[in-house]
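The whole structure should be built from the sequences, with the hints applied where relevant.
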Amino acid sequence: MSMNQVYSIHSDFYYVKCGNSILECKLREVLKKRKTQVCTGDFVELEGNIIKSTLERKNFLKRPSVANIDKVAVVSALKEPELDFTQLDRYLTFFKYHNIPAILCFNKEDLNDDTHLKGKIEEIYKLLGYGIFFTSARLGIGIEEFQKSIKGQTVVLAGQSGVGKSSILNAIHPSFNLKTSEVSQKHGRGVHTTRHCEIIEFNDIKIVDTPGFSQLRFDFLMPRELDGFFNDIKKYKENCKFSDCLHDESQNAASCAVIKNMENIHSSRYESYLTFLSETKEHKAKVTYNGTKVESKVKSSGGQLRVKINNKKRADARNTTNQKIKKELDR
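For the sequence shown, the numbering used here gives the first residue as 13, with consecutive numbering after it.
Please note that a few of the clues may not be correct.
As the list claims (entries may be wrong) - Between beta-carbon pairs, the in silico distance windows are:
hint	residue 1	residue 2	range
1	Q227	S65	40 to 50 Å
2	S187	P223	17 to 27 Å
3	T287	K247	19 to 29 Å
4	H128	K253	28 to 38 Å
5	E57	R236	35 to 45 Å
6	E237	K70	18 to 28 Å
7	P223	K130	25 to 35 Å
8	V299	S187	48 to 58 Å
9	V42	K272	57 to 67 Å
Keep in mind that the hints were calculated from the coordinates and are not lab data.
Here a beta-carbon is modelled for each residue, glycine too, at the ideal position from N, C-alpha and C.
Shown next as structure tokens:
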């Protein structure tokens with residue numbers, strides 16, 4: 013495999029790591045005409061300072077655009093902003109959909125005054141198989157252990173603004189001197205300090221600093237697909253009476269194995285599932301509506317479907333056309 017990797021993109025310039033150097037490159041004209049998308053993390057073939065082709069990706073995230081990721085570190089804050097379990101589950105479900113392994117980093121441990129919060133986190137997510145790290149970027153707590161867990165890998169930091177992603181990077185490698193932000197007192201969240209995707213390399217670690225994933229919604233899944241990304245729900249699915257069971261409030265324990273085993277599923281996880289399920293239902297309704305609209309634009313004629321022509325005068329019947337021709341000839 014080519015070791016030429018795109019580390020960052022600014023306007024039409026691609027900054028490619030080639031050996032020990034970063035080259036400023038442009039995209040080959042034929043790739044522009046083909047509208048080939050090149051993103052941070054892509055491995056590319058070069059001709060001088062021209063990107064002539066891209067290599068096959070291991071994986072790809074669309075928003076933000078990043079390719080060839082080994083692991084995602086989902087960063088949350090224990091406080092400032094308050095931990096949002098639904099948002100955390102949103103990230104985990106999204107990355108599970110993309111088949112990218114995740115670990116969990118809970119920052120600002122020095123601010124946490126909830127004695128039960130860490131226990132709740134471990135109760136939920138250790139059972140699901142996630143690696144968990146409690147850190148304080150300000151005091152350096154847990155930073156070394158977190159760094160060891162990502163050594164030799166390309167890692168994306170994902171999390172809400174203000175949770176301390178840039179602070180963690182600065183704690184790992186102070187020379188980065190990345191800009192950090194305070195949490196808004198009005199909104200309870202931070203502002204984005206990272207404006208573009210960039211690979212930062214140090215000590216055999218590649219970290220992809222991204223602008224964030226704040227607008228994630230499951231408006232690309234159908235309702236019946238969602239449970240496949242919740243392992244704690246999926247394991248009971250086969251015992252449901254109906255194959256199209258959605259395991260929601262309309263079901264009962266007699267027909268739904270998930271409802272029957274609810275004591276084994278944490279309430280916050282089930283609440284997240286229902287929240288995402290409503291988004292998939294909206295998606296299904298939209299797809300169904302659009303499908304109906306498409307069907308309404310065709311008509312049946314002679315046993316065949318023909319496209320309806322809107323805002324145009326109806327074609328004359330054959331007899332009418334013949335009469336018009338006869339009148340013209342008689343003049």
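(request) Can you let me know if the beta-carbon spacing of S187 and P223 is within 17 to 27 Å? (result) Since S187 and P223 have Cβ atoms about 22 Å apart, the given range 17 to 27 Å holds.
(request) Just tell me: holds or violated, for the beta carbon distance of E57 and R236 against 35 to 45 Å? (result) Taking Cβ atoms as reference, E57 and R236 lie about 41 Å apart, which means the hint holds.
(request) For the range 40 to 50 Å, tell me whether the beta carbons of Q227 and S65 fit it or not. (result) Between Q227 and S65, where Cβ atoms are some 32 Å apart, the hint is violated.
(request) Given the hint of 18 to 28 Å, check if E237 and K70 actually sit that far apart at their C-beta atoms. (result) 23 Å, holds
(message) Between the beta carbons of P223 and K130, is the distance compatible with 25 to 35 Å?
(response) 29 Å, holds
(request) For the range 28 to 38 Å, tell me whether the beta carbons of H128 and K253 fit it or not. (result) At 37 Å between Cβs, range holds.
(message) Assuming the hint says 19 to 29 Å, is it satisfied by the Cβ distance from T287 to K247 or not?
(response) 20 Å, holds
(request) State, for the Cβ atoms of V299 and S187, whether the hinted interval 48 to 58 Å holds or is violated. (result) 49 Å, holds
(request) Starting from the hint 57 to 67 Å, judge whether the C-beta atoms of V42 and K272 obey it. (result) 59 Å, holds
Against the hints set out earlier in the document, a violation occurs for number 1 only.
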